[in-house]
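Per this note's numbering, the very first residue in the sequence shown carries number -8; after that it's consecutive.
In short, the hints are calculated from the structure, not lab data. Where is the CB? At the ideal position from N, CA and C, for every residue including glycine. One should not assume that every hint holds.
Stated by the list, open to error - If you anchor each label on the Cβ, the simulated ranges turn out as follows:
1. N120 - K68: 24 to 32 Å
2. A103 - N130: 16 to 24 Å
3. S75 - E145: 28 to 36 Å
4. F91 - N39: 22 to 30 Å
5. L82 - A60: 17 to 25 Å
6. M99 - G61: 20 to 28 Å
7. P131 - D90: 19 to 27 Å
8. Y114 - V139: 19 to 27 Å
9. Y26 - V133: 24 to 32 Å
Stated by the list, open to error - Straight-line C-alpha distance at most 16 Å; calculated EDC-like pairs for lysine to aspartate or glutamate:
10. K54 - E35
11. K38 - E23
12. K88 - D107
13. K54 - E31
14. K54 - E23
15. K88 - D76
16. K54 - D76
17. K68 - D90
18. K38 - D90
19. K88 - E148
20. K68 - E31
21. K118 - D107
22. K38 - D76
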Amino acid sequence: MGVMDSYVSSCHWFWTFQSWFHDCPWPNIVVEVAYTESVEHVLEKVKNYWLKPNRAHDAIVVKIDPVPAGDRPICMKVWHYCVSDRVTRNLFPARDKFDFGLHPPLTMQPGAFLIDIQLDCLYHGLKSNIQIPRNILPNPIVLDFFYVKRAIAEMFEDRE
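Let the hints inform the model, and build the full structure from the sequences given.
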């Protein structure tokens, strides 16, 4: 288990502990980034932990392939799950799924890989006396992974 995996496990335990003892609300959207974890393990964790009933409403999984020292990542995979798409108790089809190369940088343009987060998902479970700010926020909120890819590429360029 890597340092990041250990940290995530500690945070996972802490969140469970806090929620159990203090009745803290669960986040509506979770972003799970995996580097050393296998695809199977991270998807199982999202489906069987974060997306259980009365927990998170949406989960985005980002899997970055491990990178040898001095090299750049080659591939990144992304899944978006929403409990509104639940088919059966434990079956979640991915609302969005894509993978793309991270090098060369010109292979992807803005708008090519998008995830839409509906305001009703973002504000799921909101207390009835609080209104969703529909006149202020766009619906859906669009996450463009072009910018995620660019940020990751820039991070590795800074290392060179």
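task = Hint says 19 to 27 Å; check whether the CB-CB distance for P131 and D90 agrees.
result = holds (22 Å)
message = Tell me if the straight-line CA distance from K68 to D90 falls inside 16 Å.
response = holds (4 Å)
query = Within 16 Å, alpha carbon to alpha carbon, are K88 and E148?
reply = violated (27 Å)
query = Are the Cα atoms of K54 and E31 separated by 16 Å or less?
reply = holds (11 Å)
ask   = Holds or violated: are the alpha carbons of K68 and E31 at most 16 Å from each other?
value = holds (12 Å)
ask   = Within 16 Å, alpha carbon to alpha carbon, are K54 and E23?
value = Distance of about 8 Å is within 16 Å: holds.
query = Should the hint that Y26 and V133 are 24 to 32 Å apart at their CB atoms be regarded as holding?
reply = At 25 Å between Cβs, range holds.
key: Cβ separation of F91 and N39, checked against the hinted range 22 to 30 Å   = Between F91 and N39, where Cβ atoms are some 27 Å apart, the hint holds.
ask   = Holds or violated: K88 with D76, Cα cutoff 16 Å?
value = holds (14 Å)
task = May I ask you to test the hint 17 to 25 Å on the CB atoms belonging to L82 and A60?
result = violated (40 Å)
query = Does K38 pair with D76 here, judged by a C-alpha cut-off of 16 Å?
reply = This hinted pair holds, its Cα atoms lying about 12 Å apart.
S75 paired with E145, Cβ distance criterion 28 to 36 Å = This hint holds: roughly 34 Å between Cβ atoms.
Violated hints, in rising order: 1, 5, 16, 18, 19 and 21; the structure is consistent with all others.
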